[in-house]
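Each protein sequence line maps, in turn, to chains A and B. Per this note's numbering, the first sequence starts with residue 95, numbered consecutively. Per this note's numbering, the second sequence starts with residue 2, numbered consecutively.
Don't read these hints as lab results, they were simulated from the structure. Among the clues, some could well be false.
[Unchecked claim] Simulated pairs of lysine-lysine, BS3-like, Cα-Cα distance not exceeding 27 Å:
1. A:K135 / B:K327
2. B:K188 / A:K157
3. B:K209 / A:K157
4. A:K157 / A:K135
5. A:K135 / B:K188
6. B:K258 / B:K326
7. A:K135 / B:K31
8. B:K90 / A:K135
9. B:K340 / A:K157
10. A:K135 / B:K155
11. A:K161 / B:K294
12. B:K31 / B:K155
13. A:K157 / B:K294
14. B:K111 / A:K157
15. B:K65 / A:K157
16. A:K131 / B:K340
17. A:K131 / A:K161
18. A:K157 / B:K43
19. B:K250 / B:K188
20. B:K65 / B:K188
21. A:K135 / B:K326
22. B:K346 / A:K131
23. A:K131 / B:K43
24. A:K157 / B:K125
25. B:K303 / A:K161
26. B:K90 / B:K294
27. B:K125 / B:K326
28. B:K31 / A:K131
29. B:K155 / A:K131
30. B:K209 / B:K340
31. B:K228 / B:K188
32. B:K188 / A:K161
33. B:K155 / B:K188
34. B:K346 / A:K135
35. B:K31 / B:K43
[To be verified] Example chain A residues on the side facing chain B (calculated, C-beta under 8 Å, incomplete):
36. F119
37. T121
38. E177
In this text, a Cβ means the ideal position worked out from N, Cα and C, and glycines have one as well.
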Amino acid sequence: MQLDPLILGLLAVFVVLMIYTLLSFFTTRKQPAIPPKILTKIACISGNYSEVREFREGDYVGKEVGKCPKCGAPLLIVAVYSEIVRQGGKEASARS
Amino acid sequence: MDGSSDWASTLLVLLILTSLFLNFTDIPQKMQLWRWASFIRKRLYQLSEIENESRRRAIAYLSKLGVSNPREFMENFLDNFFVIEPVSKEPTDIIRRLKHLLRVRNAAVKAYVSERLGNIELWKRNNTEVLLEIVSVIRLINKIVRHYFQLGLKYSNWVLVMQLALEMPQILRLVRSYNDAIDAFLKGTPVGDGVGPLVARHFIGNAKPEEVAEETDLYITEFEGRKLYVIKARGPGATVGWPGEAVEKVVERLGGKVARIITVDAALRLESEETGEVAYGVGAAIGDPGPEKIAIERTATKYSIPLEAVVVKMSDAEALNTMTKKIYEGVQRAVEIVKKIIREKVREGESVILVGIGNTVGIL
Ligand SMILES: [Zn+2]
């Protein structure tokens, strides 16, 4: 028996629509975003030392957090910011 | 009978039927309406989830602060404390009326929070206020979306439903960023909107604060021989203070002898712009409902003081969430621009006012 071309055409349309629907269903799933790391930047008020460490509860900009290891002047928090650190990348905490 | 003419005539009949169906019935629109509605329903479910999560977090924070019956305390806040805009048909003193209403509302919120929280640190009270405001905004958006959705279904207004469906991703993104903002305020980290206060903090050094308006401090310091008056909201709690009123008072106190007023604020970036871009121009860079901005403009005009504006660009979501590194780099560039403006346009010995506009959470 030979298939009716009409039936064949409708079948083709059906298959294309099915593939389209399934494709749009599978491609909408996103991978989970990497949570950003919150960092605190500390600097000496005389400007010769700074370091970046992880944010701790209670940190705020302008808070005094000890003495400068180089000159003994007060160390202040100068910034708190978030940064997305990719795994396998460089370590976020850096000294300068 | 010929097979080929048979299927050709079937096709013809099918085409005519389809065109009748598409052009002369409402069925396609009904189907579309049904599809858009199910699309919205899915997202409404996510919206409710986010609202519930924000409530849970708010309640957890409130009970940690020692509030008795935190749920009732929060629910009572959510639907109340609206502000009715003053009459605008009669424009005389509209700003004064609006200013009055905003201050009354602010005082009412403070009284409500203070009454239940008792004597706690200012920054904790400020953060609680912002937390309650965020939850009530999320709830308001959820209610408005539901309103239009139900209205659209009730009257089979497929245009309304379709429009809402197309807006849904943007609305969800906004609500998510509000919900994420709760984290920033609970932890007390600076947010993107804090660029103004952060730039101001850079110039303060170890000057002592002096309260010039409610929750707004003035620091008097020097920059390369120029007398610098820095105004910012009092940190590290979440507050924006009343910068307009503060500028007015400081300029009046100096008898108008001010060479420049520089305002620094966050600005909404266009999609094609980069986060952290810095731009400068003329005017008062401040996004309040009106009274604070007009106070700065009026004072500057009264004494013909040039108004300089420096802005750091970011999206609305970034403004509400923990400051990103890109925005912080923008802050560093903004500091350099402010220095350049002072060096080039203010002579040594003259006075200049620098106003850091924005929410000072996490910034002393
Ligand atoms: Zn040092």
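Here's how the hints hold up against the structure:
no.	hint	in the structure
1	A:K135 / B:K327	holds, 14 Å
2	B:K188 / A:K157	holds, 15 Å
3	B:K209 / A:K157	holds, 14 Å
4	A:K157 / A:K135	holds, 11 Å
5	A:K135 / B:K188	holds, 16 Å
6	B:K258 / B:K326	violated, 38 Å
7	A:K135 / B:K31	violated, 58 Å
8	B:K90 / A:K135	violated, 51 Å
9	B:K340 / A:K157	holds, 24 Å
10	A:K135 / B:K155	violated, 55 Å
11	A:K161 / B:K294	violated, 41 Å
12	B:K31 / B:K155	holds, 13 Å
13	A:K157 / B:K294	violated, 30 Å
14	B:K111 / A:K157	holds, 26 Å
15	B:K65 / A:K157	holds, 24 Å
16	A:K131 / B:K340	violated, 31 Å
17	A:K131 / A:K161	holds, 25 Å
18	A:K157 / B:K43	violated, 45 Å
19	B:K250 / B:K188	violated, 33 Å
20	B:K65 / B:K188	holds, 14 Å
21	A:K135 / B:K326	holds, 11 Å
22	B:K346 / A:K131	violated, 40 Å
23	A:K131 / B:K43	violated, 31 Å
24	A:K157 / B:K125	holds, 16 Å
25	B:K303 / A:K161	violated, 47 Å
26	B:K90 / B:K294	holds, 21 Å
27	B:K125 / B:K326	holds, 26 Å
28	B:K31 / A:K131	violated, 48 Å
29	B:K155 / A:K131	violated, 46 Å
30	B:K209 / B:K340	holds, 21 Å
31	B:K228 / B:K188	violated, 35 Å
32	B:K188 / A:K161	holds, 25 Å
33	B:K155 / B:K188	violated, 43 Å
34	B:K346 / A:K135	violated, 32 Å
35	B:K31 / B:K43	holds, 19 Å
36	F119	violated, 13 Å
37	T121	violated, 15 Å
38	E177	holds, 4 Å
Of the hints listed earlier, those the structure fails to meet are numbers 6, 7, 8, 10, 11, 13, 16, 18, 19, 22, 23, 25, 28, 29, 31, 33, 34, 36, 37, in rising order.
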